[in-house]
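Guided by the hints, dock chain B onto chain A, whose structure is given.
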Amino acid sequence: MANRPAILAEGLHKHYGKTHALAGLDLVAEQGSVLALLGPNGAGKTTAVRILTTLLRPDSGRAEVAGLDVVKDADALRAHIGLAGQYAAVDENLTGYENLVMFGQLYHLSGSVARQRADQLLADFDLVDAGARTVKTYSGGMRRRLDLAASLIIAPPVLFLDEPTTGLDPRGRLAMWEVIRTLTASGTTALLTTQYLEEADQLADQIAVVDHGHVIANGTADELKAQVGDERIELTLAQGGDLAAAAQALRPYSSGELQVDAERRQLVVPVRHGAHQLVAIVRDLDAAQIPLDDLALRQPTLDDVFLTLTGREASETELPAEIADSQPLVRRTR
Amino acid sequence: MNSSTLHTTHTLLPLARPSIYWTLADALVLARRQLVQIPRIPEELLFATIQPIMFVFLFRYVFGGAIAVSGTSYVNYLMAGIFAQTVIFGSTNTGIGLATDLQKGLVDRFRSLPMARSAVLTGRTLADLVRSTFVVFVMWMVGLLVGFQPQGNVLSWVAAAGLLLLTSFAFSWISATVGLVVSSVEAAQSAGFIWLFPLTFASSAFVPTQSMPSWLRAFAEHQPVSLIVNAVRGLLLNQPNASTIWQALAWCVGLLVIFIPLAVWAYGRRTAR
Chain A
11 MANRPAILAE
21 GLHKHYGKTH
31 ALAGLDLVAE
41 QGSVLALLGP
51 NGAGKTTAVR
61 ILTTLLRPDS
71 GRAEVAGLDV
81 VKDADALRAH
91 IGLAGQYAAV
101 DENLTGYENL
111 VMFGQLYHLS
121 GSVARQRADQ
131 LLADFDLVDA
141 GARTVKTYSG
151 GMRRRLDLAA
161 SLIIAPPVLF
171 LDEPTTGLDP
181 RGRLAMWEVI
191 RTLTASGTTA
201 LLTTQYLEEA
211 DQLADQIAVV
221 DHGHVIANGT
231 ADELKAQVGD
241 ERIELTLAQG
251 GDLAAAAQAL
261 RPYSSGELQV
271 DAERRQLVVP
281 VRHGAHQLVA
291 IVRDLDAAQI
301 PLDDLALRQP
311 TLDDVFLTLT
321 GREASETELP
331 AEIADSQPLV
341 RRTR
Chain B
101 MNSSTLHTTH
111 TLLPLARPSI
121 YWTLADALVL
131 ARRQLVQIPR
141 IPEELLFATI
151 QPIMFVFLFR
161 YVFGGAIAVS
171 GTSYVNYLMA
181 GIFAQTVIFG
191 STNTGIGLAT
201 DLQKGLVDRF
211 RSLPMARSAV
221 LTGRTLADLV
231 RSTFVVFVMW
241 MVGLLVGFQP
251 QGNVLSWVAA
261 AGLLLLTSFA
271 FSWISATVGL
281 VVSSVEAAQS
291 AGFIWLFPLT
301 FASSAFVPTQ
311 SMPSWLRAFA
321 EHQPVSLIVN
331 AVRGLLLNQP
341 NASTIWQALA
351 WCVGLLVIFI
361 PLAVWAYGRR
371 TAR
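Read top to bottom, the protein sequences are chains A and B.
For the first sequence, our numbering assigns the number 11 to the initial residue and increments by one for each residue that follows.
For the second sequence, our numbering assigns the number 101 to the initial residue and increments by one for each residue that follows.
One chain only, chain A, in its complex shape (with noise of 0.2 Å):
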């Protein structure tokens, strides 16, 4: 068992209706480390999600959880996972310790047990002051902060996090991350599902790539960006500026096809380490005495991966209209 995939799942299949949310879905995470699947809505991140945490059966196909088969030894293995899901599922005129209590015992902890490892994570979660309150007056990263907390009552060897930092702020967003790094530094096995590559690349060793419920990708961030290509810098010169001059200037820095758009006079540059790039490009080009209107560092996103895999942008896949327009992706621009 010592060398035994933390998840694994072979071939997953489940189709509500006419809809395949599932079609052979195959994972593994080794024991200690982060896998990320990252998708659109839709892709079938949360129905994975629901089959490995005994949620959901399968209709085919089967997965494996800390050695336990999820449909077999569901019962035993409901003992082994903590699962912190999209919507905060705590309740809510319930105090942050009194949830954990509840959470603890119904873990079958024993209640003193229950009670102290309650104290222990309000504390580890910064929640200690709103310990008392009911969480109905928390603000949504509290709320995110007690669902996680609720996740590790037992300290499980595997974790699965289902879209963790959805509906966050930013500010809120970095705090989880750090969060959930500090967590997988301690060598939990976890799974997250994400529609943020930054977030992937920022938390997982591996990510799985997933698009109408299976595996498109697969790999680490680096690898999978080196498949998307590199970050680019996108400029845009002030009226009269000179495009030709500009282009020569830029031409060192590019690590491929640089692009002109003569009408929007823009120029698109990829680069690596752009930010490092970034100082030295704004130098060349004052000293050249081109002056700009804009200048941006760009990522790729998730939108990029979906565009060199499919040919097509992630959010064409089919999500009802009031989840796309309230889910963007995010672009990071700088």
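In case anyone wonders, no lab produced these hints; they're calculated from the structure.
Just so we're clear, the structure is a prediction, and the values are computed from it rather than from any experiment.
We put the CB at the ideal spot given by N, CA and C, even for glycine.
It is possible that part of the hints are untrue.
[Said to hold, decoys possible] Derived lysine to any residue pairs resembling SDA-like cross-links, with alpha carbons at most 20 Å apart: (1) A/K146 with B/T200; (2) A/K146 with A/S122; (3) B/K204 with A/R153; (4) A/K146 with B/T344; (5) A/K146 with A/L178; (6) A/K82 with B/R217; (7) B/K204 with A/K82; (8) A/K146 with B/L145; (9) A/K146 with B/W122; (10) A/K146 with A/G177.
[Claimed, not checked] Partner residues aside, some chain A positions facing chain B, computed with beta carbon under 8 Å: (11) E108; (12) H118; (13) L119; (14) S120; (15) G177.
[To be verified] Coverage of chain A stretches by chain B, computed from C-beta distances (three or more under 8 Å per stretch; other residues unrestricted): (16) 100-107; (17) 161-169; (18) 285-298.
Leaving out everything else, chain B in the frame of chain A:
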């Protein structure tokens, strides 16, 4: 985040106890979850109490004068109906609560834990039973204030209360089934009353059935609410009727026998998506 504890903690193992122990213990943990919330949302209990009080006033002072009952005062006749109506309407809480837990994802978390599956349903129905007991007690006091004079002895009043609580429990399981079958909290709310209204009002709860047209009377005299109300009324007014009591008990037990497995089935079906 202070990570020191996370580093040192090894996986905590569950206590080893027989599964029957956990079936009960987990249900009590979840029942307790409901009960500690009651004082925190006082308006919920307040409305649950005010509504039947309004019915007491409506029937006691507005309609009551025009309703003729034989053998006792109208308020004495009325209270058995009010008690039954209170526990039956109160049972809609069970379904609404379950629908809310489903919608908020709490049921998913419960199902990912190594707890007894049944506890989500039994915990809630037990908590709602406790709540019902409290509301019936309040209504008893209100009844005394508006002139209700129970007859007979304390023992038969306790028997009446027992029958009412059994009714509350049975209807909670119907409500649980409804809450699990419908798709949203709002639907659970309105669906509850669609079947409760005819059952409660086309009955002997507030008026003698003799004045109803014969087709309605046939329904009203044989449906469970009438039988329960008649049994409770008999016990409260010192005219217990063994046959009615047995029929009421049989209805409650029968409803439980049907709706406990139905609710469990609906829970399994609903959560297998």
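So, going through the hints one by one against the coordinates:
Restraint check for A/K146 and B/T200: satisfied, since their Cα atoms lie roughly 15 Å apart, inside the 20 Å limit. This hinted pair does not check out: A/K146 and A/S122 have alpha carbons roughly 26 Å apart, beyond 20 Å. In summary, the hint linking B/K204 to A/R153 is supported, as the alpha carbons are separated by about 13 Å, within the 20 Å threshold. For the suggested pair A/K146 and B/T344, the alpha carbons sit about 47 Å apart, so the restraint of at most 20 Å is broken.
Pair hint A/K146 plus A/L178 holds up; C-alpha atoms about 16 Å apart against a cutoff of 20 Å. In summary, the hint linking A/K82 to B/R217 is supported, as the alpha carbons are separated by about 16 Å, within the 20 Å threshold. For the hint pairing B/K204 with A/K82, the CA-to-CA distance comes to about 28 Å; that exceeds 20 Å, so the pair is violated. Of the pairs offered as hints, the one joining A/K146 and B/L145 holds, with about 19 Å between alpha carbons and a cut-off of 20 Å not exceeded.
Using a Cα cut-off of 20 Å, the hinted pair A/K146 and B/W122 is violated, with the two alpha carbons roughly 29 Å apart. For the hint linking A/K146 to A/G177, the alpha-carbon distance of about 17 Å falls within 20 Å, and the restraint holds. Checking A/E108 against chain B: minimum C-beta separation of about 7 Å stays under 8 Å; hint holds. Of the supplied interface hints, the one on A/H118 holds, with its beta-carbon coming within about 3 Å of a beta-carbon of chain B, less than 8 Å.
Interface hint at A/L119: satisfied, since its Cβ lies 6 Å from the closest Cβ of chain B, which is below the 8 Å cut-off. Hint status for A/S120 relative to chain B: holds, with the closest Cβ pair at about 6 Å, below 8 Å. A cut of 8 Å between beta carbons decides the hint on A/G177: the least distance to chain B is about 13 Å, and the hint is violated. Chain B is given as covering the segment 100-107 of chain A, and this holds because 5 residues of the stretch bring a CB closer than 8 Å to a CB of that chain, at least three being needed.
For the segment 161-169 of chain A, the proposed coverage by chain B is satisfied: 6 residues have a C-beta within less than 8 Å of a C-beta in that chain, meeting the threshold of three. Coverage of a stretch by a chain is defined here by at least three residues with a beta carbon nearer than 8 Å to that chain's beta carbons; for the segment 285-298 of chain A and chain B the count is 0, and the condition is violated.
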